[in-house]
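Chemist: Starting from the known structure of chain A, fit chain B onto it as the hints suggest.
Residue numbers (the numbering used here), protein chains in the order written: chain A, 1 to 330; chain B, 1 to 769.
No lab work stands behind these hints, which were simulated from the structure alone. By construction, the Cβ of each residue, glycine as well, lies at the ideal position given by its N, Cα and C atoms. Hints should not be assumed to be uniformly reliable.
[Stated by the list, open to error] Taking lysine to aspartate or glutamate pairs in the DMTMM-like style, the calculated list, with each CA pair at most 20 angstroms apart, reads:
1) B/Lys96 - A/Asp79
2) B/Lys77 - A/Glu8
3) B/Lys74 - A/Glu95
4) B/Lys488 - A/Glu306
5) B/Lys74 - A/Glu10
6) B/Lys9 - A/Asp65
7) B/Lys413 - A/Glu9
8) B/Lys655 - B/Asp162
9) B/Lys345 - A/Glu9
10) A/Lys38 - A/Asp64
11) B/Lys9 - A/Asp131
12) B/Lys650 - B/Glu617
13) B/Lys74 - A/Glu9
[Stated by the list, open to error] A short, non-exhaustive set of chain B residues, derived as facing chain A with CB atoms under 10 angstroms:
14) Ala5
15) Arg7
16) Asp61
17) Trp410
18) Pro421
19) Ile429
20) Ile430
[Said to hold, decoys possible] Take a look, some chain A residues computed to stay more than 12 angstroms from chain B by CB distance:
21) Asn142
22) Pro195
23) Gln197
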Amino acid sequence: MDPAEFTEEEQGRYDRQIRLWGIEAQQRMRNATILVVKLKGTATETIKNIVLAGIGKLILVDADDVEEVDLGAGFFFCDDDVGKKRVDAAKARIENLNPLVTVEIIPNFDVLDNQNFESTVNGVDLVCITDWDRDDLIRLNNICRRSRKPFYAGGTYGLLGYIFCDLLDHKYISPDRSSPKDAQKNVQVTASYSPLQDALRHQWSALSKRQTKELRPASVFAILSLWQFQSARNRLPLGTQDIDELQQTADALVSGADVNKQVLTTVPRSLIESVAMTAPHEFSPVCAIVGGLLAQDILKTLAAREPPIANFLTFDGNTGGASVCRLSMP
Amino acid sequence: MSTAAGRTKHAEAILGPELHTRLSLTKVLVVGAGGIGCELLKTLVLTGFTQITLLDLDTIDLSNLNRQFLFRTKDVKKPKSITAARAASSFNPNVKIDPIFGNIKAEEYDIDWFKGFGVVLNALDNLDARRHVNRMCMAAGVPLVESGTAGYLGQVQPLVKDATECFDCIPKPTPKSFPVCTIRSTPSQPIHCIVWSKSYLMGQLFGRDEDAGETSELDEAENNGENVEEIANLRKEAQSFSRVRAAIRSYSPNSTSTADQNNDPAKLAFQKIFSADIQNLLNMGDMWKHREPPVPLDYDQIISGTFILDKQGSSKAKEERNRINGASSLNGTGNKKTAEKVVMKDQRKLTLKENLMLFNTSVQSLSMRLSTSQVQTIEFDKDDEDTLDFVTAASNLRSAAYGIEGKSKWEVKEMAGNIIPAIATTNAIIAGLIVLQALNLLRASPSARPSPSEPVNATTATPSSSSTVASSASADYSLLRNVHIQLKPSVPLSSVTCSSPNPNCGVCRDVYTLVRCDRTQTTLRDVVQGVLGWTSGQSQNREGAIENGQSQNGNRNENENGSNDDDDEVNDGSERKEISVYEDKRILVDPDWDDNLDRTLDSLNVGRGKFISIVDEEGDWETVQVVIGELPASHPSTASPYILPCPLPKLVKRKKIKPLVPSVPSTPPPRLSLKRSLPTDADDGDVMIIDGHNGNGRTRDGDGEGQRALKKPRLGAYDSQRDAKTTTPTMDVTSPSKRKRLEEDGLVLMDGPGEVDEFEEDVIVIDDD
Chain A
1 MDPAEFTEEE QGRYDRQIRL WGIEAQQRMR NATILVVKLK GTATETIKNI VLAGIGKLIL
61 VDADDVEEVD LGAGFFFCDD DVGKKRVDAA KARIENLNPL VTVEIIPNFD VLDNQNFEST
121 VNGVDLVCIT DWDRDDLIRL NNICRRSRKP FYAGGTYGLL GYIFCDLLDH KYISPDRSSP
181 KDAQKNVQVT ASYSPLQDAL RHQWSALSKR QTKELRPASV FAILSLWQFQ SARNRLPLGT
241 QDIDELQQTA DALVSGADVN KQVLTTVPRS LIESVAMTAP HEFSPVCAIV GGLLAQDILK
301 TLAAREPPIA NFLTFDGNTG GASVCRLSMP
Chain B
1 MSTAAGRTKH AEAILGPELH TRLSLTKVLV VGAGGIGCEL LKTLVLTGFT QITLLDLDTI
61 DLSNLNRQFL FRTKDVKKPK SITAARAASS FNPNVKIDPI FGNIKAEEYD IDWFKGFGVV
121 LNALDNLDAR RHVNRMCMAA GVPLVESGTA GYLGQVQPLV KDATECFDCI PKPTPKSFPV
181 CTIRSTPSQP IHCIVWSKSY LMGQLFGRDE DAGETSELDE AENNGENVEE IANLRKEAQS
241 FSRVRAAIRS YSPNSTSTAD QNNDPAKLAF QKIFSADIQN LLNMGDMWKH REPPVPLDYD
301 QIISGTFILD KQGSSKAKEE RNRINGASSL NGTGNKKTAE KVVMKDQRKL TLKENLMLFN
361 TSVQSLSMRL STSQVQTIEF DKDDEDTLDF VTAASNLRSA AYGIEGKSKW EVKEMAGNII
421 PAIATTNAII AGLIVLQALN LLRASPSARP SPSEPVNATT ATPSSSSTVA SSASADYSLL
481 RNVHIQLKPS VPLSSVTCSS PNPNCGVCRD VYTLVRCDRT QTTLRDVVQG VLGWTSGQSQ
541 NREGAIENGQ SQNGNRNENE NGSNDDDDEV NDGSERKEIS VYEDKRILVD PDWDDNLDRT
601 LDSLNVGRGK FISIVDEEGD WETVQVVIGE LPASHPSTAS PYILPCPLPK LVKRKKIKPL
661 VPSVPSTPPP RLSLKRSLPT DADDGDVMII DGHNGNGRTR DGDGEGQRAL KKPRLGAYDS
721 QRDAKTTTPT MDVTSPSKRK RLEEDGLVLM DGPGEVDEFE EDVIVIDDD
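So that you can see chain A by itself, here it is in the shape it has in the complex (with noise of 0.2 angstroms):
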């Protein structure tokens, strides 16, 4: 395909994106390939963003079958497809979304064996791993980095959602928002990120009163509890039993981390307590939330341009609220 011609369907179909961050950003994500794994809530909705954007090729790796369950947040299934492969299931309607992009399935998990998901990593632009724990998360957020590929991580629980990042050291336009608009220069950027296992390391002790509540850390450590209780019990907290074993897992955390004392020494009871019941289940809003916001951080990423997510989102359905944090980076 001529990179420099944009076919009159494309024009029509991505006019009003294009007049948003610009004819080379398109080609860009044209010319990408995304590598996507399990297909949840959160990735269901992450791929209608990207495919509908107009990104060159989607793999997609799920190995599980499509449970009643997943009606609730997973709109590619419908009642029928109960029982199928999910990636099966999915791919015509995902294909159906934009006929533009190519949709490659691949229905097992063996391609996440180091020795696999190393090739298969090697052949694509970008790599978004979803609803995933983070023991694994760190391991293959260590393989995509020894590959220099970008590497997202992104899921719910509950009315909680999380993105993580490593874009090693991504170079990107930003508009200087300063100036005024007929007069708005573009700046070069260069972000270095974090791999996952540095960031968890991350102490807050630099920060001041302010600085640590505006990043809303409550949220922050409720979801670095629960990946700790998964890691620890090789299970998501399943209700009332699990409140306690949270609640002191998270305070552990809060303190490790030297978080400023007035602001955050326990997670609040309220949220733990809603953590713990809710954990396992993934909620339409919450997932079109997140996967929106994790989209659009793949796609600037791909585009090279405006600052992409550094490096550690959280969002509480609870308020509607999301911040970032940087987590070890500088």
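Modeler: Just chain B now, kept in the frame of chain A:
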């Protein structure tokens, strides 16, 4: 139909069984099936709402497909509402989506209709419809979630009458406009030329025949003794337009006779507009004393390539002139020396000759359509290639004559079509946030439940707010949040508690009531005096006794128990005040002029769903808005032709407007203006030409009889006097409680300028719009 039972398991676990059950009992109205609407419909269906009415007046366009994911290429030109409803139904077979292909402002979507919904969700793209739905929801007492997106940015705002501010509590920016002289005679920017060709020239050539009107106007002007020479000049101008118009309408492309070639509408139009008219303007020497005069264009020289624009000016202007003359230059044909790597066809700027050729072909195409089809007029439509070509070429030719930079067709489309960039991600995020706020509205009133006997079909629902979330007296709205997508890296979604109503709001502070009536038999007096409870004592009526005693009796019966005696009320029937009555901006009655009182609503052209505004001249009461409804089908024909509300509306004392000084606590609540800027919308940014002749003249609409010209704008959401007061910025953060609240909202307050440096660029600036 039985379907997968596990479908709702997750949602039930998160919402709890009580709230989850209420989802399927709540009737939801979604206004708009576009970018936000498609995402919203999907999320509502998956969340567990099962009774959804979806209204949209639009059909699907190819440019929608990058974000409106319920539509496919094969759906282009089909109605959005019907197509979206069908597509989203497949996500959950238990859902009933009722699509309406129509306009939310149509009279059948009246107060009763709105009252049939438990919550209304706006997914609109224009200010006018937003304000309409806001007003209807305030009048009907139905909670509303308002939303908007523009590019990467968006916002969600839950609105509940008396509990939060309404959409009109904060004045919205008015559309940009240009003085008529700038457009007609002295353009200095590309947009001036684009507005001229879209709004003026399109109409002159392809619009309705306005010559007749203009001629009579000129006759009148002459009779009034105005400058004879100038009028003669304008007549000539109108005459030559009529010649071009005639050529356009008799255009035949195949004709070869010289007579017809001399009648080529494109060349005639060109020579009039870009040569003769500009020459005429140049004759007005005073106009060009302090500004660069335009250069008339020469059709034949441009065709033959001998026409060169060589005005003096800056180096940039020279470069532009070089470009448009067709010499080698930036972005020129086949010239790729610059860094412009990827360019779409329409992004290339045309040379003067190319613009002329485009002008010719577009005028010819448009002429063909007028001369061969039933179409009488053609208006600009950004998706109509011929009109877009015409506006592109005409505005660029005008720009060339005035030494203004030209624009590509791509750019002209955006500027003339008021296109707002739009992407799927923003819409998906906003839709998710809308649903979360809708759930908060349901949570706010746990006791509110729809009555089981209520008819399922919303359109036949009787007026009852029982299913309305806001109806619960014990409602707790503390969970509601205004959420904004913002560019601030550390807080991409800001969530702040909702503000209280603006005490000076011209929409949500009004008192709303409903009068059902037969408009052919009900007089304005029946309605006004009935609603105010002025029907008992006749002697105090300034005009003497009230005539229709019979209907008075009829309605008095329905009016029992109508009295009320709260402190705030002043509707003591004995106290009559000086009032004015309006319908929209039309004055129907004022204290010195009540001729209309004994006319029927029908004869006053007050239709179904219209609001009659009763305004206290002394400003003691809040305005009473009377919504005119239909009589129920069961209403006996022998009974009174109108039914007054029972009880009568409580008249509310207006809170005296005091100067807002920072020391007054909590009036009004702090406004974080940075987070309030409303995304501009397709229709909002519409460019208008302000015509000096008419002023703000709200002229006759409807039958016009019995109306008076508007004396002064006294009422309505955009009451300028009220707005002026409400916009006074007040930011009282001195009280510790307020400070705490702001901090809880994620707003960081700084004690002094010294603190700024540690925040770098992330400081929220308050009231810095």
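Chemist: Let's test the interface hint: is any C-beta of chain A closer than 10 angstroms to that of B/Ile429?
Modeler: Check passed: Cβ of B/Ile429 comes within 4 angstroms of chain A, closer than 10 angstroms.
Chemist: Minimum Cβ separation between A/Asn142 and chain B greater than 12 angstroms?
Modeler: 26 angstroms, holds
Chemist: Can the restraint linking B/Lys655 and B/Asp162 be considered satisfied, given a maximum Cα separation of 20 angstroms?
Modeler: At roughly 14 angstroms apart (the allowed maximum being 20 angstroms), B/Asp162 and B/Lys655 satisfy the hint.
Chemist: Within 20 angstroms, alpha carbon to alpha carbon, are A/Lys38 and A/Asp64?
Modeler: Status holds; Cα separation ~9 angstroms.
Chemist: Measuring Cβ to Cβ, find out whether A/Pro195 lies farther than 12 angstroms from everything in chain B.
Modeler: At roughly 20 angstroms from the nearest Cβ of chain B, A/Pro195 sits farther out than 12 angstroms, so the non-interface label holds.
Chemist: So, B/Ala5 near chain A? Judge it on the closest CB pair being under 10 angstroms.
Modeler: 7 angstroms, holds
Chemist: Does the closest beta carbon of chain A sit nearer than 10 angstroms to the beta carbon of B/Pro421?
Modeler: It holds, given that the least Cβ distance between B/Pro421 and chain A is near 4 angstroms, below 10 angstroms.
Chemist: Could you grab the alpha-carbon distance between B/Lys650 and B/Glu617 and see if it respects the 20 angstroms cut-off?
Modeler: 18 angstroms, holds
Chemist: Are B/Lys77 and A/Glu8 close enough, with their CA atoms no more than 20 angstroms apart?
Modeler: 18 angstroms, holds
Chemist: So is A/Gln197 really clear of chain B, every C-beta pair being over 12 angstroms apart?
Modeler: 23 angstroms, holds
Chemist: Does the interface hint hold: is B/Asp61 within less than 10 angstroms of chain A, judged Cβ to Cβ?
Modeler: With a closest approach of 9 angstroms, the B/Asp61 hint holds.
Chemist: Holds or violated: B/Ile430 as interface residue toward chain A, Cβ cutoff 10 angstroms?
Modeler: 8 angstroms, holds
In summary, this structure violates none of the numbered hints.
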